[in-house]
Amino acid sequence: MAPLLEVRGLRVALPTRRGPQLAVDDVSFDVDAGEIVGLAGESGSGKTMTAMTLLGLLPPGARTSGSAHFAGTELVGLRRRAFRDVRGRRIAMVSQDPATALHPILTIGTQLTEHMRHHLGLSAAAARARAVELLADVRIPDPEQALRSYPGQFSGGMRQRIAIAVALAAEPQLLLADEPTTALDVTVQAGILRLLDRLRREKELAVVVITHDLGVLSAVASRVHVLYGGRLAESGPAATLLTRPRHPYTRGLLDALPHPEAAAAPLRPIPGAPPSLGAVPPGCPFHPRCAFAQPSCRVDPRPEAVPVDPGHRLACPPDPLRGRPAEPVAAVRTS
Amino acid sequence: MSSSSPLEAPAAPASPPAPARRRARPGRQRLGRFLLKRIAAGLLLCVGITLVSFLLTQLVPGDPVTANLGQQASADPAAVAAFRHQYGLDRPVPVQYLVYLGNVLHGDFGMSQQSHRPVSTDLAEYIPATMELALFAIVVSIVIGVPLGILAAVYRDRWVDQVLRVVSLAGVSMPTFWIALLAFYLLFFKLGVLPGGGRLDPTETPPTHTTGFYTVDALLHGQWSLLGSALLHLVLPGLVLATYTVGMLLRFTRASVLEILGLDYVRAARAKGLPERVVVLRHVLRPALISIITVAGVAFGSLLSGTVLVESIFSWPGLGQYAYNSAKNLDLPAIMGVSVVVAVVYIVINLLVDVLYGVIDPRIRLS
Ligand SMILES: Nc1ncnc2c1ncn2[C@@H]1O[C@H](COP(=O)(O)OP(=O)(O)OP(=O)(O)O)[C@@H](O)[C@H]1O
Ligand SMILES: [Mg+2]
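Protein chains in written order, with UniProt numbering: chain A, 1 to 335; chain B, 1 to 367.
Pulled out of the complex, with its shape left as it was, chain B reads as follows (with noise of 0.2 Å):
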């Protein structure tokens, strides 16, 4: 997993329609056909990631048949067969690419040769777990970094901004390890506060699995101790994966916030004798948002690759952990489910961007 994985700046927003009048039809159609143009844009795009990540595989030294078979049953002719059947690895490569998207789409990416289990219940296990530390990381991301960042720009050049530009600076500037190291030493060593890794004590069995998100699951079931301690657990490592991202989605709030605040609108905004407050979170706040949003987006990125470091340092059993041993096996199968996931959840942030976008700005749901 790392940054440069495909996520695309989606396109600008459209500017204003051309002068001739155009009247709104219910705007909810608009949207609903809007909605289904990005969704299936992102299917295709699915497919896309599938197909370069099954041409790697094909571009890789290596004999899957003994990867995935070890090296006693690859000594049997029959079971050879049956293996390169089911996979296809008989026909040819086209076919082959297809009979891959076919179990793909079924769920099978193959046995991992580390762990000798299928990859996708591997990723049914850590998928949960990953997930849920980079959405306590991203919440915990915009809930502080936004409304700092808006308290910055409408305190420019005060001592509340100077304040909050030093700490932006030291959250994007911090190496994470320091960080976690620092974390770690002073609330679980020295003041015991947090506990100091895992999603759960040793001594806890997991909640009753329903999503795989223990704080859900927990919370689902009403076990109600269990949830506490895996909120505990989140706070943490889910608290030094945000630092960097608090520290970029403060900056760039700031900045946006500043650009518009200096435009035409928010001066007619402020003549029309409205209260400060209105002004910033309505007139400001919502064009603000459009660019915020894709670089929180860009944040969910940046946290997913983060979690390959923190995870291993608070021995958090989820997909960071899951990728680094992968690749350190050179595991094919394991790195494709990964890929193929993270790919996934690249694309669905992306449209999940699209979609906002969408929902905040009626010049791109209307054209």
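Same shape as in the complex, but just chain A (with noise of 0.2 Å):
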């Protein structure tokens, strides 16, 4: 069976003041219906703009190229009016921080109809009646009362359960949640990263989360695909991934992770800071910031990211992890 969604070669070029420059930089990846595929990397690696790029709301100017096939249609140079039928309907988004997302002078009731009518041709009627049905389903207590009410007035972590039912009003195929716990504390982190997980096994729903902490990712996803200054750095199913990465930049994210077992053990962040855009260094992208960065590492052409085992890709050709003994899975977020 195709994937639900198949990105190959994906380039988004934004304009700036020194030309266009690359913020994305040749990604391909798949997400099947049902899975959680996350994409993570710090900030600046890429991963916005690669959602934007599926919707169809890249900054104005932007430029991209290579291809997102969803369920038949071509997202890349897809017309606007096109885009809008797409948009909402069978992509949605869900972004980083709900205080901001949702709208803070309409209602709930309104921001949960409005394109279900739209999208689905419902009367107002049976659009509050599914609003109903949304906010339980992402167990909001009193959703009659909800309707009624502003975003001021709930919790972080209930905006966000409000945002993702916001997003799945029209029924789209696939969720794209950027950052949907960064702004949330721990406990409350789990209970989105479960209900997400209960979304995706119940309907079917394809979702990819966007974050820069691995840590989210281990309990929920599938895949992960690990960005760096736009370009992918290492690719493959998430437990082969957090238990034994092969690029240096993974392995990097993993150990800035607090540990469950060893909670004194210090945190070790990797040095130095990601590149701007515009300013992604020669060869590889990550070699300034690399311990095993080697003269070849800083020449052009960029290394690609090729299959070293089934479903895995590293974009490292000296490969400096290969076998190296598997590390316990950092901090699992839903237990």
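No wet-lab data here; the hints were simulated from the structure.
Partial list, derived from the structure: chain B residues whose beta carbon lies under 7 Å from chain A:
#	residue
1	ALA268
2	ALA271
3	LYS272
4	ASP361
5	ARG363
Covered stretches of chain A, as calculated for chain B (at least 3 residues, CB under 8 Å):
#	stretch
6	83-94
7	113-122
Predicted, not measured: the structure shown is a model, and the values here were computed from it. In this text, a Cβ means the ideal position worked out from N, Cα and C, and glycines have one as well.
Since each chain comes alone in its own frame, lean on the hints to assemble the complex.
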């Protein structure tokens, strides 16, 4: 069966003062129906821009190439008008901070029903009835009352649940969750992840969870794609990537996480900072921060993500971590 | 009248309440309480204004007895005593203030030295004239300025925006007297399509008095030709008065719509696949209105000060001309009367702005 979403060689160039610069550079991945896929990487690695491409919401002047095939529709180069039928209806988004993503002065009811009515052609009463169901489904107590309330009257975790209900209102097949738990504390995070996992199972929903925190992915994602400087560093099954990472960058991301068994162990953040747009160094984008960097890493061409095991791709020709013993999965968040 | 009158910016919209879950009560009750609080504050402010206005007259040199009674009557001790008693001038200053306040509450501002009529009679005649003009101008400004501002923001940096930038710049930077003379010359003198001044033609008699707004009175009593004439007479001074505020509202609407267009919740609205029209009108304009309303309030204030000039150019018998003449002649009771009226108008505008805030923004209503 063909994957629901098939991204191949996606490139996104954003306009800057120094001309167009690649924010996403040759990214490929698949998402199946009923699967949670993780897109991980530090700030500026191109995660959000990848998602925005799939929604047709890139900043004005952005140029895309490659392909993103979604359930029979090619999204790259899709005309604006056609994109409006995909957006919200077939691909939905939940963004980082529900405090700012929900409209502060529109009622939850309006925000839940407006696109439902637009996309599904429901009557006001039918849309309201469905809205009540949706809120109950994401475990909002007293949904009838909630419809008349405003986002400011709910806690952060509640707001994120409401934002998920809003995203699911028009029955999309794919949900893009951009840092859905970043603004929340740990126990609330776990609840949101459990919710996404349940929706995946019950509704065959495909979810792309975008995060800079690999720990968030360990419990729910089946596949993980690690981005750095707009390029794929490593991608593969979550279990493999999180226990036997092969890319020094993935390793670094894991080391920067707190370990459940060794709470006292000091966190080891990756030294240095990720490159900004248009300032990605030649060769492997990660080489200036890499402990294993060799002279060949510092010169072009950039390493491409090539298969090293079934379903496991790596963009690190020296492959210094091959054959290392497995390590415990860092910070499982849903237990 | 000046634009530095006591129009203070209403409190900034409250930030969202603490994360703890709070239940909405039926909104109506809260809105009622919110309104009551605002009205009480407004009344308190009114009292404060009369106090300031009263104290100012205490500071200004000049004998109110001579001023009010004229040379002859002030030579008559009985008349002077009666006058001093009526206005409480024979009592201590705090009592005098209370008497003054009582008189103002009864609509008694004393006698005008120029018109030799009670100030209240003058005000009753001139206020509707000015209000009709100013309301016409603010409605025109909002109806033109806000939609154009939205257009400029939506088509940012495209030719529509460039053209509108010139329009708003011209509106705010061209001197009123110059626009007035230009419009007068072109539309009245050259083309003759609009009357050149006054509220009606000299041959016409005003409509039956009900509100003092000629358009409203003519409408109420079915005097259609008078209605047409009154409207035509409003156009020239109204548009001249509105040029500045159109530019101001256009500019400001553009800025606040642009600011909101960049917010996360607008991106979220777009991600829902809503038509752009719905995104702009519901998700962007609603929050933008909160600040646009504030500016419309300020704009109305600046219109009021603009009436002084425009009324004298277009011989509009309103408060602006009256204020100007009172100031020129140091007609204290008239000046005080006008000040109180202007202050009350400003307070009413502020109250209206606050109320509209509460209507638009639940965060204010519910906090
Ligand atoms: N509107 C824009 N115009 C120009 N450059 C942008 C714009 N938005 C983002 N960028 C740049 O594009 C690059 C990729 O940004 P993106 O938002 O995809 O990163 P991200 O991985 O989502 O990071 P974060 O974790 O901070 O959200 C960054 O360098 C960012 O500065
Ligand atoms: Mg992002």
